[in-house]
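Chemist: For reference, the chains in residue letters:
Number of protein chains: 2
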Amino acid sequence: MNKAILLKSRPEGTPTESNFEIKETKTPEINDGEILLESLYVSVDPYLRGRMRDEKSYIEPFKIDHPVESSIIAQVTDSKNKDFEKGTFVHGMLPWKLKQKHTGKGLQKVDKYRAPLSAYLGILGLTGITAYVGLTKIGDLKEGETLLVSGASGAVGSTVGQIGKIMGCKVVGIAGSDEKVETMKSKFGFDKGINYKTTDDMNAAVKNACPDGVDVYFDNVGGEILDAALANINRYGRVINCGAISLYNKTEKPTGPRHETTLVKKSVKMQGFIVRDFQEDFEAATKQLGQWLQEDKLTYSETIVEGFDNIPKAFIGLFEGKNEGKMVVKI
Amino acid sequence: MNKAILLKSRPEGTPTESNFEIKETKTPEINDGEILLESLYVSVDPYLRGRMRDEKSYIEPFKIDHPVESSIIAQVTDSKNKDFEKGTFVHGMLPWKLKQKHTGKGLQKVDKYRAPLSAYLGILGLTGITAYVGLTKIGDLKEGETLLVSGASGAVGSTVGQIGKIMGCKVVGIAGSDEKVETMKSKFGFDKGINYKTTDDMNAAVKNACPDGVDVYFDNVGGEILDAALANINRYGRVINCGAISLYNKTEKPTGPRHETTLVKKSVKMQGFIVRDFQEDFEAATKQLGQWLQEDKLTYSETIVEGFDNIPKAFIGLFEGKNEGKMVVKI
Chain A
41 MNKAILLKSR
51 PEGTPTESNF
61 EIKETKTPEI
71 NDGEILLESL
81 YVSVDPYLRG
91 RMRDEKSYIE
101 PFKIDHPVES
111 SIIAQVTDSK
121 NKDFEKGTFV
131 HGMLPWKLKQ
141 KHTGKGLQKV
151 DKYRAPLSAY
161 LGILGLTGIT
171 AYVGLTKIGD
181 LKEGETLLVS
191 GASGAVGSTV
201 GQIGKIMGCK
211 VVGIAGSDEK
221 VETMKSKFGF
231 DKGINYKTTD
241 DMNAAVKNAC
251 PDGVDVYFDN
261 VGGEILDAAL
271 ANINRYGRVI
281 NCGAISLYNK
291 TEKPTGPRHE
301 TTLVKKSVKM
311 QGFIVRDFQE
321 DFEAATKQLG
331 QWLQEDKLTY
341 SETIVEGFDN
351 IPKAFIGLFE
361 GKNEGKMVVK
371 I
Chain B
41 MNKAILLKSR
51 PEGTPTESNF
61 EIKETKTPEI
71 NDGEILLESL
81 YVSVDPYLRG
91 RMRDEKSYIE
101 PFKIDHPVES
111 SIIAQVTDSK
121 NKDFEKGTFV
131 HGMLPWKLKQ
141 KHTGKGLQKV
151 DKYRAPLSAY
161 LGILGLTGIT
171 AYVGLTKIGD
181 LKEGETLLVS
191 GASGAVGSTV
201 GQIGKIMGCK
211 VVGIAGSDEK
221 VETMKSKFGF
231 DKGINYKTTD
241 DMNAAVKNAC
251 PDGVDVYFDN
261 VGGEILDAAL
271 ANINRYGRVI
281 NCGAISLYNK
291 TEKPTGPRHE
301 TTLVKKSVKM
311 QGFIVRDFQE
321 DFEAATKQLG
331 QWLQEDKLTY
341 SETIVEGFDN
351 IPKAFIGLFE
361 GKNEGKMVVK
371 I
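Taken in order, these protein sequences are the chains called A and B.
In case it helps, the working numbering puts the first sequence at residues 41 to 371.
In case it helps, the working numbering puts the second sequence at residues 41 to 371.
Worth flagging that the hints you see were computed from the coordinates, not collected in a lab.
Where a beta carbon is used, it is the ideal one built from N, C-alpha and C, also for glycine.
Nothing false has been slipped in among the hints.
Here are the simulated DSS-like cross-link-like pairs (lysine-lysine), alpha carbons at most 27 Å apart as the crow flies: (1) K182/B - K177/A; (2) K247/B - K96/A; (3) K247/A - K290/B; (4) K96/B - K182/A; (5) K182/B - K210/B; (6) K210/B - K96/A; (7) K353/B - K63/B; (8) K293/A - K290/B; (9) K177/A - K177/B; (10) K247/A - K96/B; (11) K293/A - K293/B; (12) K237/B - K293/A; (13) K293/B - K247/A; (14) K182/B - K247/B; (15) K227/A - K247/A; (16) K177/B - K182/A; (17) K96/B - K210/A; (18) K293/A - K247/B; (19) K145/A - K120/A; (20) K63/A - K370/A; (21) K237/A - K293/B; (22) K290/A - K247/B; (23) K182/B - K96/A; (24) K103/A - K48/A; (25) K293/B - K290/A.
Sample of chain A residues with no beta-carbon within 12 Å of chain B, all distances over it, derived: (26) K43; (27) G184; (28) D241; (29) F359.
Starting from the given sequences, assemble the full structure and let the hints guide the process.
Modeler: Rendered as structure tokens:
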């Protein structure tokens, strides 16, 4: 027996389980040169929401009645391809299927003994690389600066904050519960944290937590938290626009204060990116992250949801703040 | 007899003549090491509006009951400083006074025979340098790209468009009258122009004028024209935030559509700057601009208002679109 999870309809606002369909399918047979993969860990990420819209973007939208795809760790359970022995663990962008055949093209082999398999979906995968290239390539973060991070207890945010500390910065995080604020300080070494849900005046809260102003703001959320960061930005400040999760489920075009005068007056840069823009830096980034991990300078959280059928629920949970760190589904 | 123009009160909304006071003063006497300057040409620029506000910025606000200052071309009419002979023409950031004494520190000598004196306030001064460093240092403009410019018939905008053409780009300008649109095409060589005052749907107008999308947008105005540029921006697009004149006189905090999702989805950069951020590039920029000017690859417009007492009126005229090209007051 095999299963796939299809996009049944395009979400309006926050996705619901009715937007997905779990479908029983046949286990494929492999031909010469092919391998059979069994999914072990499936990554669910906020950016997938964007691909569920029927609009032009850096990557094609998901098709209705076709499987959603994301980063997956799988094991080779049968092989007619000499490059992939049976038992090998691989990592790739794959459709949400229990079992699937593959040519092997574009898959990376992963070493189970170097780090836990799920880490390749997080701190050693696109999550960690996103944090690293965002801070270094876009943010140009320098020792002694004040770094503000939103979504700070999430997978990317908690890595951003730790890299900020490794680089000798003052790091302030923003998250949505006192528990998350406590974790970012005790577990990830942030200097200060702000719970935006219990804060009436975000501008004042950021000002209070960043008395020297904000030099670099790593934005995962957009919206009013971005406004508060820009209200406190320093001259030559940089905003790394990594995500805007607070806006992704809006059905109307969101509005807010205009920031162009701030950009001009303070020579501020705002720059969006996706990790794929920096393919050429992946190897160096992974090497550096792996080294910090081995030296115990980096740690990570993950929220593991069990069961293939729960992938949609885990994905929806991202928008309800149900994850601490990387959200991963274990099959 | 001598005169100075003081900031009498901080403008609310659009500046009026009542915000300024023309005051008769004494002609100063010079001491050893000093020179006496007589103002010949005074530059009025939109950014001066910012310094009239009592708020922190890259440069101190103007003080009430003190002279406003801007770029001025003056002649040395008396000298007790061996570095400045009587008759020399100089350029510097100077207070609005008919005559003033000076130590000479920070003044640049200008050559009357290389270019008309007023050009040193425009195409060979901060105006031309702003266009050049904005496009090359922030915009990273490349041959074959589509360049959109607002305030396109203004001093900076018309230079931006011409540099775009020199660099082999498709150049589209936005301005506020059919006459200005005609001038940008016939005199400055823009490929297309949009009169935003007679256009109902700016998004559609930009789309129509830029069928391949916008690669680089040089923004002098902010507001809804910026929104239209971002609605048509290409992947890896760059927005050069040089000014936001449409917002400078607003008394309430302006609002508009949020752009962070566009920045993330299309890896777009928006970056504000002031020309002083690039001091080290001034010499190379002036040299390049001077060469293009001599080769007749660059031209410029100026609107010359006559009379010291008319400086405030000329400044206010900037916000009413009364200038074509650089606005200069001839004393």
